[in-house]
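**Student:** Read off the chains here:
There are 4 protein chains.
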Amino acid sequence: MTVSQEIELSGHIIDSGIMTQLFDKVMDMGGNFEILIFDVGKKKTDPSYARLRIAAANREKLRYILSELHRLGARPLEVKDVHVVPAERDRVGSRGFYLTTNHPTDIKVNGEWIPVESIEMDCLIVMEKEAKRALCTPLAKLRKGDLVVVGEQGVMVHYPERPREQSNFEFMHGTVSSERPSVTLIAKIAREIIDVHRKGGKIVLVGGPAIIHTGAAKSVADMVRNGYINVLFAGNALATHDIEYNLFGTSLGMDISTGKPVMGGHKHHIYAINEILRAGSIKQAVDKGIINGGIMYECVKNNVPFVLAGSIRDDGPLPDVITDVIAAQEAMRQQLGGCSMVLMVATLLHSVAVGNCLQSSVKTICVDINPASLTKLMDRGTMQAIGIVSDAGTFFPLLAEQLEMQESEKK
Amino acid sequence: MTVSQEIELSGHIIDSGIMTQLFDKVMDMGGNFEILIFDVGKKKTDPSYARLRIAAANREKLRYILSELHRLGARPLEVKDVHVVPAERDRVGSRGFYLTTNHPTDIKVNGEWIPVESIEMDCLIVMEKEAKRALCTPLAKLRKGDLVVVGEQGVMVHYPERPREQSNFEFMHGTVSSERPSVTLIAKIAREIIDVHRKGGKIVLVGGPAIIHTGAAKSVADMVRNGYINVLFAGNALATHDIEYNLFGTSLGMDISTGKPVMGGHKHHIYAINEILRAGSIKQAVDKGIINGGIMYECVKNNVPFVLAGSIRDDGPLPDVITDVIAAQEAMRQQLGGCSMVLMVATLLHSVAVGNCLQSSVKTICVDINPASLTKLMDRGTMQAIGIVSDAGTFFPLLAEQLEMQESEKK
Amino acid sequence: MTVSQEIELSGHIIDSGIMTQLFDKVMDMGGNFEILIFDVGKKKTDPSYARLRIAAANREKLRYILSELHRLGARPLEVKDVHVVPAERDRVGSRGFYLTTNHPTDIKVNGEWIPVESIEMDCLIVMEKEAKRALCTPLAKLRKGDLVVVGEQGVMVHYPERPREQSNFEFMHGTVSSERPSVTLIAKIAREIIDVHRKGGKIVLVGGPAIIHTGAAKSVADMVRNGYINVLFAGNALATHDIEYNLFGTSLGMDISTGKPVMGGHKHHIYAINEILRAGSIKQAVDKGIINGGIMYECVKNNVPFVLAGSIRDDGPLPDVITDVIAAQEAMRQQLGGCSMVLMVATLLHSVAVGNCLQSSVKTICVDINPASLTKLMDRGTMQAIGIVSDAGTFFPLLAEQLEMQESEKK
Amino acid sequence: MTVSQEIELSGHIIDSGIMTQLFDKVMDMGGNFEILIFDVGKKKTDPSYARLRIAAANREKLRYILSELHRLGARPLEVKDVHVVPAERDRVGSRGFYLTTNHPTDIKVNGEWIPVESIEMDCLIVMEKEAKRALCTPLAKLRKGDLVVVGEQGVMVHYPERPREQSNFEFMHGTVSSERPSVTLIAKIAREIIDVHRKGGKIVLVGGPAIIHTGAAKSVADMVRNGYINVLFAGNALATHDIEYNLFGTSLGMDISTGKPVMGGHKHHIYAINEILRAGSIKQAVDKGIINGGIMYECVKNNVPFVLAGSIRDDGPLPDVITDVIAAQEAMRQQLGGCSMVLMVATLLHSVAVGNCLQSSVKTICVDINPASLTKLMDRGTMQAIGIVSDAGTFFPLLAEQLEMQESEKK
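Protein chains in written order, with my numbering: chain A, 1 to 411; chain B, 1 to 411; chain C, 1 to 411; chain D, 1 to 411.
To be clear, the hints were calculated from the coordinates, so they are not data collected in a lab. It is possible that part of the hints are untrue.
Which bits of chain D does chain A cover? Going by a derived footprint, with three or more residues having C-beta under 8 Å, they are [to be verified]:
hint: 1; segment: 68-74
hint: 2; segment: 204-216
hint: 3; segment: 257-263
hint: 4; segment: 309-321
When the alpha-carbon atoms are kept at most 20 Å apart in a straight line, the in silico EDC-like pairs for lysine to aspartate or glutamate are as follows [unchecked claim]:
hint: 5; chain 1: C; residue 1: Lys267; chain 2: D; residue 2: Glu60
hint: 6; chain 1: C; residue 1: Lys260; chain 2: D; residue 2: Asp28
hint: 7; chain 1: C; residue 1: Lys141; chain 2: C; residue 2: Asp81
hint: 8; chain 1: D; residue 1: Lys61; chain 2: C; residue 2: Asp255
hint: 9; chain 1: B; residue 1: Lys260; chain 2: A; residue 2: Glu60
hint: 10; chain 1: B; residue 1: Lys80; chain 2: B; residue 2: Glu112
hint: 11; chain 1: C; residue 1: Lys80; chain 2: C; residue 2: Asp46
hint: 12; chain 1: B; residue 1: Lys376; chain 2: D; residue 2: Asp379
hint: 13; chain 1: B; residue 1: Lys202; chain 2: B; residue 2: Glu179
hint: 14; chain 1: C; residue 1: Lys141; chain 2: D; residue 2: Asp28
hint: 15; chain 1: B; residue 1: Lys301; chain 2: B; residue 2: Asp222
hint: 16; chain 1: D; residue 1: Lys260; chain 2: A; residue 2: Glu179
hint: 17; chain 1: B; residue 1: Lys61; chain 2: B; residue 2: Asp28
Bear in mind that the values here come from a model prediction, so they are computed numbers and not experimental data. Every residue gets a Cβ at the ideal spot worked out from N, C-alpha and C, and that includes glycine.
In isolation and in its complexed conformation, chain A is listed as follows (with noise of 0.2 Å):
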């Protein structure tokens, strides 16, 4: 005995691949479809609409066709405002709570649809009663009593639709190849930055050590120093690295200008953190003229915040590590916000994190020398991430000296 129920969607479904999820979805889960309505838009500029009923061999299983085709946006032809029950305790989540995707999301509050703000992947939806507001909030920063959805009623996605006009990227969102001229997209790149840059976007770089240790360091300064980069995420190791290249000219030992270890390197990185606290923070160390270069001396003194997560390898660490992961997850939270441009280099660790908390509409390009790295950040669910492989040592040199031609071309 069969169950059964009508859904629609509207939208660019069929050229957006979304009407093509929705069936695969539908069969991979051993449920069937009618086409009620299929208002095919005629034109590439029209919108379609379509209305199907979902059918299922019993009430559980189109429970769970209709939650998998809700995040694509597909919703019931008459939406009930959203259910919520109180959290028990703190960090403890309502049996059935509603996880969210990274799109935009609305939620039916007394019949009116209102925005979840601050939207990441993974995360609950809490309203607001009184102030008609609705947070997305992770786990760990639920309260006691916080209002929870809970199932998808009420709960409105918008999937991210194939954009009609292409922009340099687009065409690239998701994929990842080694394949690719890389000067060609250097050079997109560079004019997406400073597009953003024009615009006064905020541009974040999540960076890892292998900046320094290739050589890059050089050419992300400047880009701090002349605005393009406007937040810097990393761990320990980037800014003990970048410290000790300014300090003492190497990077775990290791002449940059040569290529050769030096004589007493081995302690460098070490001594570096020593220096840094005892001079009590980076920023202190810079305003005692005890660094004087350098990725983290440019983010001080252009006033580019940065934060600094800790990771179970580190030594030391440096005093502005935040060692408490869940608290260093904040901090990037709270930089992300209004973020227009998301630069991942050189780190799986810290991309998966700051893509994780990260909406889908933020522009993400993604670079490391493994294709593997980028292939398991979309697979993590940053699925807007353009991957390209490359090595952060000559990707960084050839981005700064696009940035500068097309600056002064456009000059």
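Based on the hints, put chains B, C and D in the right spot on chain A.
**Tutor:** Showing chains B, C and D alone in chain A's frame:
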């Protein structure tokens, strides 16, 4: 005007490659050497003795060269007591502090050699004057007034000699290759594990979440139950996916028994975390019968301690996760004391972190699908590691098979 | 002044994603579309039918767009006979010749559709006028006067539809992941192999030398003997190392049973080649009792044909190696006729080469330790391949186990 | 009953690590040694001399140990003439034939040492009795009656000593790392290329098709025109994509200047091949003005010889491709004679093939995005290679920049 100093070395300095490294270092750093005495062990069981005069262009250079040779076990003819300086502040070492290697180390106090306890790389040595003890101390644990060893004077490193009688693995130290007979290597690891287990040694597993995704959870749970794993180091992900698998039969929403995604599976990992948060801890979830199988269950049931270290990409996290990374490092150090063997599988972050806290004499086997991960572990100083390029999902079932087979043969 | 043309498509064009790809192509290429008829299959078992008007800025652009849509199975409402032009010279195609996909293809001749035989990607179609046959022909085999199809007119491609009833693997087509349950996948491959074997299907193994280095030779030899491998494609290296292992117990000088290099082992692979050169061929070496085990031995004994294709890094090579690469391609094509399943393990070069000669409907499983190798195979057009990231040395022993277990269960 | 023999070594045997390797070998193989004389060079510029008695359990083992030591340059106190045996047939070596290393080698004939010409690894030594010459001969070129050296007697290997004065790169021999300052390394390579070029040395580029896909063709074409590349080794793919780029602006159908696929682009590579087949050869296509730019064009215009070696995955192939792999090897050997430097970029197959034919004294730099490719090259015996993990598409533009900058500085 060159300056010079005489040094001496003894032991299997030729065939362990120490002499070669010493000559290399001197030449790399622009120094000169003259061999004064060279009593070569005539047979392969005899130790050798060498006395050399090391010369350099100036005092500064000579000091650097001797500092490097020191790390290979070379020492001045006459060794004076260590020089100690009290730490001026918490977490701030006195300038020029001695930086440890991960090899056994002694310091000379009042003319007597005393061993440095809990040696690991990149730490300071703190002398407890009255107690006649010396402690290897990470910067984070240094307290104001601690007597910190400064300079190499009075410090002697016991550089590891190449073993005369090769055990199963010794010949492979520091090597990585995907071109080895996998089953042969797995059989050897099984033999080593059984040997260590019979002698009452402690075996630590450092594991990544791929163990669960690739379907190896059952084999690892069996190894815990059978006493072949005595301590578990992992992150939030491994524990979460293991519990998700136990509660829902999935890992990251994929049914492990079919390899297919299941309905509603994308919520499972957060729901699994939520259940444990509700229960209070993994142990309580086991006690309440919520979890009734899997790796974490076996750890609880068999009193196998586990350290779950936090990272910035954690969802939740589980209540057992230590979110402060420095606290997590300390928890790992506690458990590493007296361990005989470390098996690292499918996690670069945790492997490097654990390698940082390990003495170079601990048997260390690292399995990863990416050869670059293995190289990086060794580049970071865990030179004793044996790297095996393989897939966790096939490695563990074959290892479990070998353990069973060899165990039954021996009976 | 836009130009336009009507086209039609039918089949499971929505749920197979064909419609989406079609819309994508039109927009990517700057064209426009209007939907004239769209009869959507109401239920998931019903086919759909669509008629569209495709428009572009000029005749040239329209032609290009239609050329792309053609590859997805779209066709003009009225299809005329193919247009053929005789090849002016050996190996020189007439300008504008039709380039094949790897999907089943028909051509219209005198108003009738005839299938193109031995279809594979990137070839020409040669029509044999009297014989009413059409042959897929690589450039290298084209002869002066051959009637070569020019343009898309009269050619119809049967783009593969997504299967309604999913078999074990179908859902994974075109995917690569290291995050899959390895043993589950291996069990499925075993089931598929047994199924194909029972139905009398032909299974081809394309193998790299890592099969021998990683100690999987015995398992593969067993599979050959038990009839699970019916054709072997490999290079000089696999055969040489297999024979070296049989003659000396080593592979590239390493003892497979201990994983250690043996005395004089570096000479073994050349000495092995020399012995076969002396014997005259691998078969003669088997007949004379020089080789008495291993993969090549089992091939000879069980009449399993093998193609050993030469490469520029070959030592020797063995007398059986086909040193002309075009001749080797032809030999592979001969053996691929009628094959049901191809298993590619640990060789990118041979996998891509074989993929180039395969129809898209042949089940293709590719196992490699490097995920990038799998991606590259699919990027090169072998979209039907299922990529599995694993280690040959653990994969084959577990596969052999599964085959034995499942075979005995079925009995 | 042990047997023993005395051997001697001389040169920089300690600091080049030869002595250490010797001791290692003896112990690995279960032998014993006694040091009879050990005159250590007192200063770093003095050579050393050692005489040892090597002992083993039986004659067979002793022979094997001595055979290994031979490869390090150790020799019996009294060296007899080589022993030669005529080849019984074409391509069949006499049993026990001597197998070459890739180090300079002499043989003793009538009491005099004569050098082996064109030394490369894994070949035989053929003595031309009257001509007093010795030729390094691959098995494939051996002819019936050739006088083949058998056993190590009378053969002396000059194991490469570690250079006293380090040039820019020497310190990195045999290393692979992605953690090096890329631009620094590229600047060094540029310096080396300019030095070799000024001294009239021959520089060989071994390149893969990724050079074209990643957009580096222009930089490489410039290097050919400017005389920095004197020989090109590649396959059908590099040449085809280069010509496709010249004819259509695409590489594998992707527009290099935008990174986007173009209309009808999938046909371009086959159409490019067809045009060259029609012209007759690449040179004829250049002469007829069909090709007017790119790498192959510059090779033709600047009389830079190229060897295009066939592989089984070739489409077409181009008429210039040598489809017989043994003929292609020979063509490469011809061009390698007298070359001073080899630059291998983005091709494992060709790099290993060329490495096989190179003497160990030729400067070899290998650039690849995958560190495992570099490791494999060295594992296959090309120990002198310097491995750089980078992206061809960023490497070449930066190299071209450095060449130009350094060249203008020097003027």
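**Student:** Looking back at the hints listed earlier, which ones does the structure fail to meet?
**Tutor:** Of the numbered hints, 1, 4, 7, 11, 13 and 14 do not hold.
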